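From first to last, the protein sequence lines are chains A and B.
Just so we're aligned: 478 in the numbering used here is position 478 of the first sequence, and the numbers increase by one with no gaps anywhere.
In short: position in the second sequence from 1, add 505, done, that's the numbering used here.
Simulated from the structure, these hints should not be mistaken for lab results.
Some clues are possibly wrong.
Cross-link-like lysine to any residue pairs, in silico, SDA-like; alpha carbons within 20 Å at most [as the list claims (entries may be wrong)]:
1. 692/B x 106/A
2. 549/B x 535/B
3. 692/B x 132/A
4. 147/A x 132/A
5. 692/B x 147/A
6. 713/B x 103/A
7. 158/A x 531/B
8. 140/A x 766/B
9. 692/B x 107/A
10. 549/B x 692/B
The model shown is predicted, which means the values in this text are computed figures rather than measured ones.
Below are the chains, spelled out letter by letter.
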Amino acid sequence: MTPVLEAKQVRKKFGGVVALADASMTLEKGEVCGLVGANGSGKTTFARIISGLIKPDGGELYINGSKVDLQLGFEAEQFSIALVHQNLSLVPEMTIWENINLGREDTGRLGFVQIDKAVNKAHEALKELAPHLSVYERVKNLSPSQKQLVEVAKALSKHPQILILDEPTASLSFDQVKRLFEIINKLKKQGTSIIFISHRLPEVTEICDRLVVFRDGCSVGVIEREKINQEEVVFLITGKRGEEIGKVKAKPESGETKADTVLEMEDVSLGDSKEGINLQLKRGEIVGLGGLQGQGQGKILLILGGLLSPTTGNIKIEGKSVVIRHPRDAIREGMFLVPGDREREGLFLPHTVFFNLIYPQFSQRETKFFLPWKELESEANRIIDMVALVPPDKNMIVSNLSGGNQQKVVIGKWLAMSPRILLLNDPTKGVDVETRANFYQIVQDLAQKGASVLFYSTDTDELVANCDRVLILFEGKITQEICGEELCKERLLEASLRGGDIAEN
Amino acid sequence: MLKINRYFKEIYSSTAFPGIIIFLMLIAINAVIQPGFFTYYSFKLNLLSFTPLILVSIAQALVMLVGALDLSIGASISLLTVFMASVMGDSPLSIALALILALGAALAMSLFNGFFISYLKLPPFLVTYASSAIWFGIALYIMPTPGGYIPKPFYKFYRSDFLGIIPIPVLILIGVGVIYFILSRLKVYKHMYAVGGKEEAAWASGIKIHATRIKAFLWSGVFIALAAICLVSQTATGDARCGLSYTLDSVAAAVIGGVSFSGGKGSLAGAAVGGVILGLLINILYFANVTSFYQTFMKGIIVIGALVVGSVTRMKEQTIS
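Only chain A is shown next, with the shape it has when bound in the complex (with noise of 0.2 Å):
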């Protein structure tokens, strides 16, 4: 049987950047194929490319056994292929329907929209994955989550022949990667092929019948779903074996005391519930927050920060209280945050990494007149060196580098500071596994020469390996807490779940 699709050879360069040197692979009518590899490896360019978005520099492409003609800009819905995008295309002034029909409006006889069959449409796609969300709502109001399942939607409303989803599960709770899996098993054993592209290892084991691995603009190798184990795919992304990543915490020693508490927050209202939120972080203690999604763990990051003020309560930092109304007054208490989304609120994107590195002591240091450029660039080599930034080069453009080793410059740029606590808001959105060890190293280290983390995650898998206890939150209240033997991945997705019977308990 020939392939529903095969690649050869593809290559794409950006500028002088080469994204993709050598890709290759073949996808069989009602499959489902993983596409994994670290940051950069080019998985999303070469997902853009099969679906027509942009041309490569070479290589072929074969839809059905039939060769396309990849320098015209082939049109990808002529050959029904949708592509989840991994950075939403999704216009937020615009309502459901109108996003779902974006760019292929059906137009009746004199050429104007036919606006029911479009909400009928958009109905029809969403049914499955969102059944309580009007179409008729505009998609800024959604959350991220919401967003992504329209983005889902948009892609399924195409009835295509090939689906390929780039990260759909980066912003879904537990739930709906659930949905979405009985979705994709479905669309499957109706014909449908599917190009499944994620980080998240167990789940490209759950899904996947076949992987194909990317490192470096190149397809690597192919694992059939028989020989799929983590270990072996961890090689292939990597290059690297024998390493035990991901598992970095080093169990606490009996008789450690972590006594003085760094941290406290007293009764601080998260606006949307009538309790507030108390909790206490110790020296050197590595504290998770998490349960479902949005349920307030960013915003009491934001709080801490200084992005949103408390409307009530008391945070107090090593026992005097302290007020907290503008990112400064965070930043004089040594309290950082690292934030969710680097590209917006975490970095200068078109400047260099000593640059970033650098800026936030700007308001801090007390110079005469000049700033002491000498000492601060041997201050950014040796952060450079304490985060291992690939390329270790201060002078590359941060917009050039991957997203893993950009969030390496949003840390590095508080450790010259030496952080008294630091705040993470879901720092490994769309890191690869070994940049996401060499970040959880970073974050031990810092631990353990004393300062106090606050750890938002949306994976339980790094939760549990780097906390010291997990707080579940649930409506903007702390249900649970889980510690010592009991923490878990089972736990806590436990916790998570039944985060709403024990609230209303």
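For this one, chain A is given, so just place chain B on it according to the hints.
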């Protein structure tokens, strides 16, 4: 009840809300200050001067929807009146020729602006500011002082009534309504919102970004031509300076009507209402015997005020989310 509440909430949270309130207030003030505001005579008089303003507001709104701005609107209207006053004679053929020329020239000017802004990605402010100098220069070259010839039947027509009761501007506005109805149901209209709202998303949805921007400019050109035809009927002369005030007026009206500077937000209907609001404001200044210098001054204040109101509502929205 709930439904009504929701309906009110919809109105309240819409960007046009400040406009609606101001609109009602202005009607009240006008009724007090302008003698016989509710009579047929002054209704028609207001209509004659409001119509071009409404048309340019829509023209401005169209380019603002795709995230651009047209600072050459005033100069292009002036140039069009100059063209028409130069070409028109007494024969119906010359009138038809002048009208076709006006539409063609308006489309050409819009295409010029649109090309540089969409394909070459030049900043709209600078491109249209520079092109306004070009249009103005051409207009002055052709007609250094106001003049030309507009035949009496032509400008009389604009002031006449259809069936003896319905003023022609009303018919024009109904025509505009029909154009709006058609436009708002075309694909390109949705695409304009997408391009202005989030260009990257529009691209990823397979929309042709450049073509959509150019189309927005071309539609804007249609409304500019209509505005110029109305204006030349109103003044019965070609004048290189007669349209200049429309640049600021159109921006003010669009902003008052809830059209966002960042693009993708607001509606043409809102801009039209904004045009009426601005017209009523100018009326107040006129009937309160404010000198024309002071009128210009006030318009500047109004634009800033409208922008402030817009940003306040936007901030309100952000704190909610």
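Structure-based check of each hint:
no.	hint	in the structure
1	692/B x 106/A	9 Å, holds
2	549/B x 535/B	15 Å, holds
3	692/B x 132/A	28 Å, violated
4	147/A x 132/A	13 Å, holds
5	692/B x 147/A	23 Å, violated
6	713/B x 103/A	9 Å, holds
7	158/A x 531/B	49 Å, violated
8	140/A x 766/B	18 Å, holds
9	692/B x 107/A	8 Å, holds
10	549/B x 692/B	36 Å, violated
Checked against the numbered hints above, the structure breaks hints 3, 5, 7 and 10 and satisfies the rest.
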